[in-house]
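Participant: Sequence:
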Amino acid sequence: MATRHFLTLLDLSPDELHYLIQRAITIKNRLRAQGPVYAPFTNRTLAMIFEKSSTRTRVSFETAMAHFGGHALFLSPRDTQLGRGEPIEDTAKVLAEMVDIVMIRTFSHAGLEAYAAASSVPVINALSDDYHPCQLLADVMTWTELRGNVRGRTAVWIGDGNNMCHSWINAARQFDFQLRVCCPEGYEPRQDILAAAGDRVTLLRDPAEAVAGADLVTTDVWASMGQEEEQAKREADFAGFQVSEALLDQAKQDVLFLHCLPAHRGEEISETLLDDPRAVVWQEAGNRLHAQKALIEFLLLGRVDH
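If you read the sequence shown in numbering that gives the first Met the number 0, its first letter stands for residue 0, the second for the next number, and so on.
Take the hints with a grain of salt, since some may be wrong.
Derived BS3-like pairs: lysine-lysine, alpha-carbon spacing no greater than 30 Å straight-line [as the list claims (entries may be wrong)]: (1) Lys-51 / Lys-27; (2) Lys-232 / Lys-51; (3) Lys-92 / Lys-51; (4) Lys-251 / Lys-27.
In case anyone wonders, no lab produced these hints; they're calculated from the structure.
Please put together the full structure from these sequences, using the hints given.
Facilitator: If you want it as C-alpha coordinates, here you go:
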(Lines of atoms letter the chains of each structure in order from A and count residues from 1; the text may use other names and numbers.)
(Lines give C-alpha, C1' and ligand atoms only; values in the text may rest on other atoms or scores of the structure.)
Protein backbone atom coordinates (compact mmCIF):
# COMPACT_ATOMS: atom_id res chain seq x y z
CA MET A 1 0.00 0.00 0.00
CA ALA A 2 1.36 3.45 -0.91
CA THR A 3 2.38 5.61 2.03
CA ARG A 4 -0.45 7.88 3.14
CA HIS A 5 0.10 11.12 5.03
CA PHE A 6 -2.37 13.25 7.00
CA LEU A 7 -1.30 16.87 6.67
CA THR A 8 -4.77 18.34 6.10
CA LEU A 9 -8.30 16.97 6.01
CA LEU A 10 -8.05 17.08 2.21
CA ASP A 11 -5.52 14.22 2.25
CA LEU A 12 -8.38 11.78 2.87
CA SER A 13 -11.59 11.40 0.91
CA PRO A 14 -14.96 12.30 2.47
CA ASP A 15 -15.74 8.59 2.63
CA GLU A 16 -12.46 7.85 4.44
CA LEU A 17 -13.10 10.67 6.90
CA HIS A 18 -16.61 9.38 7.65
CA TYR A 19 -15.07 5.95 8.23
CA LEU A 20 -12.53 7.46 10.67
CA ILE A 21 -15.25 9.18 12.71
CA GLN A 22 -17.30 6.00 13.03
CA ARG A 23 -14.20 3.92 13.72
CA ALA A 24 -13.13 6.35 16.47
CA ILE A 25 -16.53 6.01 18.13
CA THR A 26 -16.25 2.21 17.95
CA ILE A 27 -12.74 2.28 19.45
CA LYS A 28 -13.93 4.59 22.25
CA ASN A 29 -16.91 2.38 23.11
CA ARG A 30 -14.73 -0.72 23.11
CA LEU A 31 -12.19 0.91 25.43
CA ARG A 32 -14.93 1.86 27.88
CA ALA A 33 -16.45 -1.62 27.82
CA GLN A 34 -13.33 -3.78 27.79
CA GLY A 35 -10.34 -1.61 28.67
CA PRO A 36 -7.22 -1.34 26.45
CA VAL A 37 -7.22 -4.94 25.23
CA TYR A 38 -6.94 -4.21 21.48
CA ALA A 39 -3.20 -4.04 20.73
CA PRO A 40 -2.53 -4.09 16.98
CA PHE A 41 0.79 -2.26 17.22
CA THR A 42 2.99 -4.48 19.38
CA ASN A 43 6.62 -3.45 18.76
CA ARG A 44 5.55 -0.54 16.52
CA THR A 45 6.91 2.96 17.21
CA LEU A 46 5.54 6.47 16.73
CA ALA A 47 8.07 9.32 16.63
CA MET A 48 6.60 12.55 18.03
CA ILE A 49 8.46 15.67 16.90
CA PHE A 50 7.49 18.74 18.92
CA GLU A 51 8.58 22.25 17.96
CA LYS A 52 5.54 23.73 19.74
CA SER A 53 4.54 22.90 23.30
CA SER A 54 1.50 20.77 23.99
CA THR A 55 -0.70 19.08 26.56
CA ARG A 56 -3.52 17.36 24.69
CA THR A 57 -1.46 16.42 21.64
CA ARG A 58 1.38 14.72 23.51
CA VAL A 59 -0.80 12.93 26.05
CA SER A 60 -3.33 11.71 23.46
CA PHE A 61 -0.79 10.37 20.96
CA GLU A 62 1.42 8.79 23.64
CA THR A 63 -1.57 7.15 25.32
CA ALA A 64 -2.90 5.97 21.97
CA MET A 65 0.30 4.08 21.22
CA ALA A 66 0.45 2.66 24.75
CA HIS A 67 -3.15 1.39 24.51
CA PHE A 68 -2.39 -0.12 21.09
CA GLY A 69 0.62 -2.01 22.45
CA GLY A 70 3.19 0.22 20.76
CA HIS A 71 5.66 2.87 21.84
CA ALA A 72 5.89 6.65 21.38
CA LEU A 73 9.16 8.62 21.31
CA PHE A 74 9.09 12.29 22.34
CA LEU A 75 11.57 14.34 20.28
CA SER A 76 12.16 18.07 20.73
CA PRO A 77 14.63 20.24 18.79
CA ARG A 78 16.87 20.12 21.86
CA ASP A 79 16.99 16.33 21.64
CA THR A 80 17.61 15.88 17.91
CA GLN A 81 19.89 17.03 15.11
CA LEU A 82 17.00 19.12 13.77
CA GLY A 83 17.92 21.63 16.45
CA ARG A 84 21.48 21.73 15.09
CA GLY A 85 20.55 22.34 11.49
CA GLU A 86 20.21 18.89 9.94
CA PRO A 87 18.09 19.21 6.78
CA ILE A 88 14.52 18.19 7.46
CA GLU A 89 14.56 15.76 4.53
CA ASP A 90 17.59 13.97 6.01
CA THR A 91 15.86 13.57 9.36
CA ALA A 92 12.78 12.20 7.58
CA LYS A 93 14.81 9.56 5.77
CA VAL A 94 16.69 8.52 8.91
CA LEU A 95 13.60 8.20 11.09
CA ALA A 96 11.78 6.24 8.37
CA GLU A 97 14.48 3.58 8.72
CA MET A 98 13.71 3.21 12.43
CA VAL A 99 10.07 4.04 13.21
CA ASP A 100 6.69 3.11 11.74
CA ILE A 101 4.93 6.48 11.77
CA VAL A 102 5.76 10.12 12.59
CA MET A 103 3.72 12.90 14.21
CA ILE A 104 4.92 16.51 13.92
CA ARG A 105 3.73 19.60 15.81
CA THR A 106 5.46 22.55 14.21
CA PHE A 107 5.34 26.10 12.87
CA SER A 108 5.97 25.93 9.12
CA HIS A 109 3.46 23.95 7.09
CA ALA A 110 5.84 24.05 4.12
CA GLY A 111 8.48 22.39 6.29
CA LEU A 112 5.97 19.72 7.25
CA GLU A 113 5.21 19.09 3.58
CA ALA A 114 8.94 18.82 2.83
CA TYR A 115 9.32 16.28 5.62
CA ALA A 116 6.40 14.19 4.36
CA ALA A 117 7.68 14.27 0.79
CA ALA A 118 10.95 12.70 1.97
CA SER A 119 9.35 10.18 4.35
CA SER A 120 8.56 6.58 3.40
CA VAL A 121 6.41 6.17 6.54
CA PRO A 122 3.14 8.01 7.29
CA VAL A 123 3.39 11.56 8.64
CA ILE A 124 0.65 13.19 10.73
CA ASN A 125 0.21 16.94 11.11
CA ALA A 126 -0.37 17.43 14.84
CA LEU A 127 -0.53 21.21 14.28
CA SER A 128 1.16 23.66 11.95
CA ASP A 129 0.73 27.39 11.53
CA ASP A 130 -1.76 26.72 8.71
CA TYR A 131 -3.81 23.69 9.81
CA HIS A 132 -4.81 21.54 12.80
CA PRO A 133 -6.60 18.55 11.20
CA CYS A 134 -6.30 16.17 14.18
CA GLN A 135 -8.34 18.58 16.29
CA LEU A 136 -11.06 18.61 13.65
CA LEU A 137 -11.32 14.82 13.74
CA ALA A 138 -12.04 15.08 17.47
CA ASP A 139 -14.42 18.00 16.93
CA VAL A 140 -16.49 16.29 14.25
CA MET A 141 -16.44 13.07 16.28
CA THR A 142 -17.88 14.97 19.29
CA TRP A 143 -20.51 16.66 17.15
CA THR A 144 -21.48 13.32 15.59
CA GLU A 145 -21.68 11.51 18.94
CA LEU A 146 -24.04 14.12 20.34
CA ARG A 147 -26.11 15.11 17.31
CA GLY A 148 -25.73 12.42 14.64
CA ASN A 149 -24.67 13.03 11.05
CA VAL A 150 -23.38 16.60 10.61
CA ARG A 151 -24.17 16.83 6.89
CA GLY A 152 -26.30 19.87 6.10
CA ARG A 153 -25.95 21.36 9.59
CA THR A 154 -24.55 24.82 10.38
CA ALA A 155 -21.40 25.55 12.37
CA VAL A 156 -20.06 28.99 13.30
CA TRP A 157 -16.42 29.95 13.75
CA ILE A 158 -15.95 33.17 15.74
CA GLY A 159 -12.52 34.78 16.02
CA ASP A 160 -9.21 34.70 14.20
CA GLY A 161 -8.94 33.19 10.71
CA ASN A 162 -6.12 30.95 11.94
CA ASN A 163 -5.04 27.32 11.53
CA MET A 164 -8.14 26.08 13.35
CA CYS A 165 -10.39 28.21 11.16
CA HIS A 166 -8.66 26.84 8.05
CA SER A 167 -9.29 23.29 9.22
CA TRP A 168 -12.94 24.08 9.96
CA ILE A 169 -13.24 25.37 6.40
CA ASN A 170 -11.78 22.13 5.06
CA ALA A 171 -14.12 20.17 7.34
CA ALA A 172 -17.13 21.97 5.86
CA ARG A 173 -15.98 20.83 2.43
CA GLN A 174 -15.27 17.25 3.42
CA PHE A 175 -18.22 16.62 5.77
CA ASP A 176 -20.68 18.73 3.74
CA PHE A 177 -21.96 21.20 6.32
CA GLN A 178 -22.33 24.98 6.24
CA LEU A 179 -19.76 27.12 8.04
CA ARG A 180 -20.13 30.77 8.98
CA VAL A 181 -16.80 32.46 9.69
CA CYS A 182 -17.17 35.59 11.82
CA CYS A 183 -14.01 37.63 12.30
CA PRO A 184 -12.90 41.28 12.54
CA GLU A 185 -11.58 42.98 9.42
CA GLY A 186 -7.93 42.12 8.90
CA TYR A 187 -8.21 38.69 10.54
CA GLU A 188 -9.83 36.75 7.70
CA PRO A 189 -8.77 33.21 6.81
CA ARG A 190 -6.51 32.74 3.82
CA GLN A 191 -8.34 33.70 0.64
CA ASP A 192 -7.31 30.60 -1.31
CA ILE A 193 -8.64 28.29 1.41
CA LEU A 194 -11.86 30.29 1.63
CA ALA A 195 -12.34 30.36 -2.15
CA ALA A 196 -11.81 26.61 -2.48
CA ALA A 197 -14.75 25.98 -0.12
CA GLY A 198 -17.17 27.82 -2.42
CA ASP A 199 -20.68 28.31 -1.08
CA ARG A 200 -20.16 26.06 1.94
CA VAL A 201 -18.52 28.96 3.80
CA THR A 202 -19.92 32.45 4.49
CA LEU A 203 -17.85 35.33 5.88
CA LEU A 204 -19.65 37.58 8.41
CA ARG A 205 -18.71 40.40 10.81
CA ASP A 206 -21.54 40.35 13.39
CA PRO A 207 -21.40 37.47 15.92
CA ALA A 208 -25.13 37.75 16.70
CA GLU A 209 -25.99 37.42 13.01
CA ALA A 210 -23.53 34.56 12.65
CA VAL A 211 -24.93 32.38 15.44
CA ALA A 212 -28.62 32.82 14.60
CA GLY A 213 -30.08 29.34 14.11
CA ALA A 214 -26.67 27.64 14.33
CA ASP A 215 -26.17 24.02 15.43
CA LEU A 216 -22.64 24.52 16.72
CA VAL A 217 -20.44 27.45 17.76
CA THR A 218 -16.68 27.30 18.21
CA THR A 219 -13.76 29.64 18.77
CA ASP A 220 -10.07 29.75 19.70
CA VAL A 221 -7.70 32.04 21.58
CA TRP A 222 -7.20 35.46 20.00
CA ALA A 223 -3.39 35.22 20.02
CA SER A 224 -2.00 31.82 19.05
CA MET A 225 1.46 30.47 19.88
CA GLY A 226 4.04 32.80 18.38
CA GLN A 227 1.67 35.80 18.44
CA GLU A 228 1.97 36.70 22.12
CA GLU A 229 3.52 40.10 21.33
CA GLU A 230 0.28 40.99 19.51
CA GLN A 231 -1.89 40.23 22.55
CA ALA A 232 -2.88 43.81 23.45
CA LYS A 233 -3.68 44.79 19.86
CA ARG A 234 -5.68 41.63 19.30
CA GLU A 235 -7.69 42.14 22.49
CA ALA A 236 -8.72 45.55 21.16
CA ASP A 237 -9.43 44.30 17.64
CA PHE A 238 -11.52 41.34 18.88
CA ALA A 239 -13.62 43.34 21.33
CA GLY A 240 -17.21 42.30 20.67
CA PHE A 241 -16.25 38.83 19.43
CA GLN A 242 -16.36 37.06 22.80
CA VAL A 243 -18.53 33.93 22.94
CA SER A 244 -20.81 34.07 25.97
CA GLU A 245 -23.88 32.31 27.28
CA ALA A 246 -25.99 35.20 25.98
CA LEU A 247 -24.55 34.77 22.50
CA LEU A 248 -25.28 31.02 22.53
CA ASP A 249 -28.86 31.85 23.52
CA GLN A 250 -29.30 33.30 20.03
CA ALA A 251 -28.38 30.00 18.35
CA LYS A 252 -30.51 26.85 18.26
CA GLN A 253 -31.82 25.61 21.58
CA ASP A 254 -29.68 22.46 21.35
CA VAL A 255 -26.53 24.29 20.16
CA LEU A 256 -23.15 22.85 21.12
CA PHE A 257 -20.05 24.86 21.98
CA LEU A 258 -16.55 23.61 21.19
CA HIS A 259 -13.09 25.01 21.95
CA CYS A 260 -9.79 23.30 21.09
CA LEU A 261 -8.28 24.51 24.40
CA PRO A 262 -6.46 25.94 26.23
CA ALA A 263 -9.10 28.65 26.71
CA HIS A 264 -8.56 32.16 28.04
CA ARG A 265 -11.60 32.83 30.21
CA GLY A 266 -12.65 36.44 30.06
CA GLU A 267 -11.14 36.90 26.60
CA GLU A 268 -12.47 34.81 23.68
CA ILE A 269 -15.04 33.23 26.03
CA SER A 270 -16.93 34.54 29.04
CA GLU A 271 -15.63 33.59 32.47
CA THR A 272 -18.28 30.91 33.06
CA LEU A 273 -18.98 29.58 29.56
CA LEU A 274 -17.15 26.27 30.05
CA ASP A 275 -19.50 25.53 32.97
CA ASP A 276 -22.52 25.83 30.66
CA PRO A 277 -24.03 22.44 29.69
CA ARG A 278 -23.89 23.46 26.04
CA ALA A 279 -20.11 23.50 26.26
CA VAL A 280 -18.80 19.99 25.58
CA VAL A 281 -15.10 20.83 25.55
CA TRP A 282 -14.00 18.07 27.96
CA GLN A 283 -15.59 15.36 25.82
CA GLU A 284 -14.05 17.08 22.79
CA ALA A 285 -10.59 17.04 24.38
CA GLY A 286 -10.92 13.39 25.38
CA ASN A 287 -11.91 12.47 21.86
CA ARG A 288 -8.46 13.49 20.62
CA LEU A 289 -7.31 10.10 21.96
CA HIS A 290 -9.91 8.04 20.14
CA ALA A 291 -9.87 9.95 16.86
CA GLN A 292 -6.09 9.71 16.67
CA LYS A 293 -6.18 6.01 17.43
CA ALA A 294 -8.47 5.56 14.44
CA LEU A 295 -6.16 7.72 12.33
CA ILE A 296 -2.98 5.84 13.25
CA GLU A 297 -4.71 2.52 12.67
CA PHE A 298 -5.95 3.66 9.25
CA LEU A 299 -2.56 4.98 8.13
CA LEU A 300 -0.75 1.77 9.15
CA LEU A 301 -3.37 -0.92 8.54
CA GLY A 302 -6.02 0.61 6.28
CA ARG A 303 -9.67 -0.01 7.04
CA VAL A 304 -10.54 -2.66 9.61
CA ASP A 305 -13.95 -4.18 10.16
CA HIS A 306 -13.84 -5.25 13.78
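Participant: Lys-92 and Lys-51: Cα distance at most 30 Å?
Facilitator: holds (22 Å)
Participant: Measure nothing beyond the straight line between the CA atoms of Lys-51 and Lys-27; if it is 30 Å or shorter, mark the hint as holding.
Facilitator: holds (27 Å)
Participant: Run the distance test for Lys-251 versus Lys-27: straight-line Cα separation, threshold 30 Å.
Facilitator: holds (28 Å)
Participant: For the pair we were handed, Lys-232 and Lys-51, check the Cα-Cα distance against 30 Å.
Facilitator: Roughly 23 Å separates the two Cα atoms, so the pair holds.
Every hint, counting from the list given before, is met by this structure.
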